[in-house]
Structures are given as structure tokens and as C-alpha cells.
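Asks: With these hints in hand, go ahead and build the complete structure from the sequences.
One-letter residues, chain by chain:
Protein chains: 2
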Amino acid sequence: MLHGVIMAGGSGTRFWPASRQHRPKQLLTLDGHRSLLQATLDRCQPWIPPERMWVVTGESLAAETARQLPEVPASQILVEPCGRNTAPCVGLAATCLAARDPDATMLVLPADHAIQTPRQFQDGVAAAVDLVNSDSQRLVLFGVRPSYPATGYGYIERAERLPGASLLGGSTAAFGVKAFREKPSVEVATAFLQTGQYYWNCGIFCWRARRILEGLARFEPELHAGLANLAASFDTPSWDTAVRERFPQLKSISIDYAVLEHDRDLCVLEAPFGWDDVGSWAALPRLRGADAAGNTVDGLHAGLDTQDCVIRSADGHLVATVGVRDLVIVHTADATLVARKGDDDSLKKLVGSLASRGLAGFQ
Amino acid sequence: MLHGVIMAGGSGTRFWPASRQHRPKQLLTLDGHRSLLQATLDRCQPWIPPERMWVVTGESLAAETARQLPEVPASQILVEPCGRNTAPCVGLAATCLAARDPDATMLVLPADHAIQTPRQFQDGVAAAVDLVNSDSQRLVLFGVRPSYPATGYGYIERAERLPGASLLGGSTAAFGVKAFREKPSVEVATAFLQTGQYYWNCGIFCWRARRILEGLARFEPELHAGLANLAASFDTPSWDTAVRERFPQLKSISIDYAVLEHDRDLCVLEAPFGWDDVGSWAALPRLRGADAAGNTVDGLHAGLDTQDCVIRSADGHLVATVGVRDLVIVHTADATLVARKGDDDSLKKLVGSLASRGLAGFQ
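Order-wise, the sequence lines are chains A and B. Under the working numbering, the first residue of the first sequence carries the number 795, and numbering increases by one thereafter. Under the working numbering, the first residue of the second sequence carries the number 795, and numbering increases by one thereafter.
Since the hints were derived computationally from the structure, they do not count as laboratory data. Hints may be right or wrong, so weigh each one.
Given that identical chains are not distinguished, each listed pair holds provided it fits within a single copy or across any two copies.
The calculated lysine to aspartate or glutamate pairs, modelled on DMTMM-like cross-linking and capped at a C-alpha distance of 20 Å, are [claimed, not checked]:
| # | residue 1 | residue 2 |
| --- | --- | --- |
| 1 | Lys-1135 | Asp-1102 |
| 2 | Lys-1142 | Asp-1128 |
| 3 | Lys-1143 | Asp-1099 |
| 4 | Lys-1135 | Asp-1120 |
| 5 | Lys-972 | Asp-895 |
| 6 | Lys-1142 | Asp-1099 |
| 7 | Lys-1142 | Asp-836 |
| 8 | Lys-972 | Asp-1099 |
| 9 | Lys-1142 | Glu-1064 |
| 10 | Lys-1045 | Asp-1057 |
| 11 | Lys-1135 | Asp-1099 |
| 12 | Lys-977 | Asp-1071 |
| 13 | Lys-1135 | Asp-1071 |
Replies: Following this line, the structure appears as C-alpha cells:
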């Protein structure tokens, strides 16, 4: 059976002041309707019913995560007592899935990305499941065809096309994986794009739960042993205590470094859907559209001579703008941001500096 | 005796959203310590004690005005039931003053200007009082030497220097008045500056209360009759009712148009003090200074790459700025403004449009 695993432990400040330490991006309602987390669940419906959806999140986010996803069984919201990167996260979910369903296929989904074409997403997942069903050793990665020479993503260099894999009536294809390249310079990324052989690694994976555990056993045996030890407690009363005690001892490492970069059974499936990591406020117009003046507005706004701004206000607070352009203006109950649009690194730096400015309460 | 009359009925939106219909500029604490109204009182102390200070204000502002000026006797806070421009305002105060002190000298002071040199202000007033004492027919206007070709002010063209008037040891001078010129074009204003014969009319006047009433009697006899009629009720229990009933019937006209532009006994005293009408948020750096990055900040602020901004926040709300310059950012409990600095006319237009946008409550 196909299970969905939403990785929802992320933190981050790129959506400050709407996002905070205890209310990260995936819990925000950026499109005005559903949070990115909820949308991640939604786009798997109805073909992965909530009873087969799993969520891994952090302790401080667990209550809000459960509140936002009432459809998901409480036992399937796995709570990490602390963040240990993606290998323990994926491993924990695989351990639980395999305990319930030894032949489970596992679709790994980041909670904080946007996919604007849910139908094509479903098609892509079906193709990935076909690939796994036809060879249960396969680890399928979704590769997104890059649209610009991004320097902040990981790239997957594809190898030869998989023989016999004619997917979605030939409208997409799967390839072997030649190499991974993390965060290249803009020159290198430009060269990547020119070859046509590189994809963005969007963090969506599909594999047998058992198979990824085998990968962990082979390349990170200690980490695997820790997970196997935990597995014995799953669905018993001692589970919560076991996780709280033993999870923090697991090695902090990404699933890419732990398994994917070493394993030989990888394949990359060209994603047949539109993907957006919603990296910052500047991404909001892609998600929500913009008005005739290029403004993306959520909340009460009165503007004059205002262009290409992202404006967000909560609780009936009025944001008025005069003679401004290319700004991000976000009002929340206790803090307001006014920033040049696209100045994401500076925003990160600013939020990082709040504690040293005596403003830790706003982080 | 010298009495001070603060004209504090002004409304306006140039300091929106801090200023509102019922909380105009003079009631705001723009310098972080005292409101412009309070500062107007302060700079007359101790040489005009509060018992000789008078305030004329509007009904909706009366309570806050009295709260801000507890030193001023309640009977000397005169409340206009509606705004009728400055001639009825000055006339009302003159009427009351003359009733209490027939020989009163009256110093008329706008409530919403800033004077950064109180000592020189006191010297200037002393010189004006000397001019009035030496000729009780004189109407003394303070003229501010223009520093740029402003188009929003009234100009006073000076005539010949008053014979024998050596004021402040020769450091300032008084002149006859040749003409008034309201709000010239920038070309005309530039020409005014080049002649060296023009002053800004800053709205500070000095004269005998009786003398300005005589001027009103001569040039606006009906208005004067209305005031004389009111005078009979001053310091009686029927005063409030009388004002409420009869004041609205007075002609709405400025003291400039009503008397000053017709009277022959005018003189203009070159103001020996720094004067600022604090016309908009952009004036705040002159009032409060700016930090090394050119920012003028009042309230909680965290900035990165932020230059030449005016930032104001109330109630411990954090305003964070990244990569911006030349902005006015003002946060209040229910509304936040982000505007290009100096775009005052657009701000006025925007605030004027709030009602038609269904946002009248924010005006």
C-alpha cells in the first residue's frame, strides 16, 4: 500500500514576522485558505486517504500540526523531541510504516512546498509507484527541471534513461542518477542548465519503507540500529517515552548524505508538475497572483501609487501605502516588517540578530 | 499685561495615522516628550505664567487639550463649537481678554509649530511687546526669513524700516508691511527670496486685545457685533450656552483677510528665532535629529541596511526594516503607514479617500 509521509518539522525565518520559531512556514496560511501543510495533505486526497498519511514534526509544533490535520490519526503524527535532520526523520517514519505494513510504499513529502498542479502531481506519484512496483529495490527521486540557475538548491545529474520505463504515456521519463551537486555557484548552475542533464532535488521521494531502512542499515548501521531498537516500542504504551529518550541519540544527518549519495539503485523521475519551494515573501505572487498594479495583498490595505508589493496584514489592521514599490510589508500583532522584496538573506540576518538586540521574544 | 493665546483648534491629516480627526497634530508627542501644544505653552514659561495663558480649541479636542494643559485655568480654555477660521477665534480670545484686562497685550501663537530656540523666541516677543507699548495702535506680525521658495505659505512683503526701532540691540528689525502674498508659485517664491524683502507669515502676532477688536469693528462690523454680544456673557453662568448658540453664526474668515490685509498700522518683526511648521512626517528629523544612518526612530525598531527613514511605533510593537530608504513608517494600534518620504500630497489624498474605500473609521 502507498503511504504518504509529510516531513513537517521545519523551522525557519524567511516568512518572519508571520513565521516564528514555534510557527514555521508550513503552518502559515499563505494562500489565504489552507496552510502549506494542509495543502500537502490535500493534494494526496483521495488517492492516499488520511488513514495512510503520516506526519513527522517537532515537539513545539505538534499541537498546531495535529490541530491543522484532524483527519490524520493521532498515532501517525510522529513527534521528534529534537531536530536530527532528514535521515532520522525518514527512518523513523519508515520504521513505523514497516511495523504496520511490511510492504508499505512510502511517498516522502516536504510540508512547506507548493505544487500548483495537483492532478499532474498525482500522475507523477503514480509513475513513481509504478517504478517501485516494477523493481522494489528502486529509490525514486523527483527531479524538477530547473527554470533558472538557482544557487540555493541541490542538483541531481541524471544518467542514462531507464530502459523500458515509458511513463505517463511517454510524457515524462526516469533516469539513473550520476551525481549530486549541492548549492552550486551561479556560474556552475548556469552550466548545469545548459547541459539539460540536471534537475533540482525537490525532496520528494518514493520507495519501499523496508528498502530505505536497508539503505540506512548498509550506510549508517548505527543509526539503523537505533531505529530498529525504537521499532520494538511502536504501537505500545512505551512509544512516546522511547522516542523521547532515544531519538535525540540518533546521528544528525540528511537522508541524501546518509543513503542517496551512496546507493546505486537510485532513479530520478522528471516531475510532471509545477513545483515551488515558496522560499520567501517574494514567492507569494506566484502562489496567490497579483493585482493590476502587481501587488499581492492579504488583509486590509489602502494604497496610492503602490506597485509590485507584497502586503499582508492580520486582524483588521489597516496597512496604508503611498508612493512605494517592490516592498514586502507584513503586519502581525506584535511586529511589522518593511523590507525590500527579494532581500531574503538580509531578512534572515536581521531575524538572527534579534536576540543580540534584546528582542529575542520576536524570533 | 501680556497674555498668550494658543490657537489649538487645528485639524489635519499630514501626520496620519498618528493624527486623526479627533487627535490632530498639536496633540501628538512628536519629539518624544511633550506635544506641540504643550511645547507652545512651555516656551512662554515663566514669563507668561499659566494664569495668563489662553487656549482656543474645538469641541472634540477640548477634553484632551485640557488634559494636556492642567496648568491653564479651565475658564481660559475657550471651546469653539465649530471651526470658523482664525478671525472669530482671535476675536473670541480678544473679547475675553479685554473683558478681564482692558489693556491686555495679546500674543497669538499657533499650537502646532516648533520653535527650537526658546530663548530667542522670548527675545522676539519682548521686542514685539516693546513695539506695541511704544505705539498701542500697532499690530505686530512675526516674519520668518524664508529658507527656500516654499509654495504653501503666505508671504509678507516688507516696506520701510520703522524709524527708531532698534530691537534686541540691533540684532533684529521691524518694518512696515507693503503687501501679503498667499501661496505663490515656485517661480514667484524664488523671486521673492531673491529680493530679500519677503518673510513667511508664521501666524504669530502681538497686539493689544482692544486694538484687534477695533480692527474687526472697522473691517468686519457684523463679526465684531457678534463678538461684543458674546462678551456680555463672559465670566457668567450663561457663557457656554451663549458660545454654543452664537459662535456658529459668526462669519468664517481668517484674521489676515478680515483685518491684517486692510489695516494700516501693521508692522513685521523679523523673527529672531528658528521656526518650523512641522508640516509632515518628513519634518521629524529636524525636530528630533537623526542617527548616523539618517534614521529618525521613535519606538521599537530593528533595521538592517535602512537609511534616511522616519520610523515610529507605539506600544512596544516592533518595526523591522530591511534594505529600505527614504520611507516613512508609522505604526499605530489600528493602522500602519508605509510611505515615500516627502510624498505629503499623496498621503493627504489617500487619507481623504479612506471614507470612499469604506475605511472611514481610520480617518
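Asks: Is it within a copy, between copies, both, or neither that the alpha carbon of Lys-1142 lies no farther than 20 Å from that of Asp-1099?
Replies: between (29 Å within a copy, 13 Å between copies)
Asks: Checking Lys-1142 and Asp-836: alpha-carbon separation at most 20 Å within a copy, between copies, both or neither?
Replies: Result: close neither inside a copy nor across copies, 30 Å intra and 46 Å inter.
Asks: At most 20 Å between CA atoms: does that hold for Lys-1135 and Asp-1120 within a copy, between copies, both, or neither?
Replies: both (5 Å within a copy, 16 Å between copies)
Asks: At most 20 Å between alpha carbons: which applies to Lys-1142 and Glu-1064, within, between, both or neither?
Replies: Neither way: Lys-1142 and Glu-1064 sit 32 Å apart in one copy and 54 Å across, limit 20 Å.
Asks: Can you give me the call for Lys-1142 and Asp-1128, within, between, both or neither, at a CA distance of at most 20 Å?
Replies: within (18 Å within a copy, 27 Å between copies)
Asks: Give the relationship of Lys-972 and Asp-1099 under a CA distance limit of 20 Å: within one copy only, between copies only, both, or neither.
Replies: neither (51 Å within a copy, 42 Å between copies)
Asks: State whether the alpha carbon distance between Lys-1135 and Asp-1071 is at most 20 Å within one copy, between copies, both, or neither.
Replies: Within one copy only: 17 Å inside, 35 Å across.
Asks: Regarding Lys-1045 and Asp-1057, is the shortest C-alpha distance of 20 Å or less found within a copy, between copies, in both, or in neither?
Replies: within (19 Å within a copy, 92 Å between copies)
Asks: My question is about Lys-1143 and Asp-1099: at a cut-off of 20 Å on alpha-carbon distance, are they close within one copy, between copies, both, or neither?
Replies: between (30 Å within a copy, 11 Å between copies)
Asks: How would you classify Lys-972 and Asp-895 at a CA-CA limit of 20 Å: within, between, both, or neither?
Replies: neither (32 Å within a copy, 99 Å between copies)
Asks: Up to 20 Å between alpha-carbons, please classify Lys-1135 paired with Asp-1099: within, between, both or neither.
Replies: both (17 Å within a copy, 13 Å between copies)
Asks: Are the CA atoms of Lys-977 and Asp-1071 at most 20 Å apart within a copy, between copies, both, or neither?
Replies: within (15 Å within a copy, 55 Å between copies)
Of the hints listed earlier, those the structure fails to meet are numbers 5, 7, 8, 9, in rising order.
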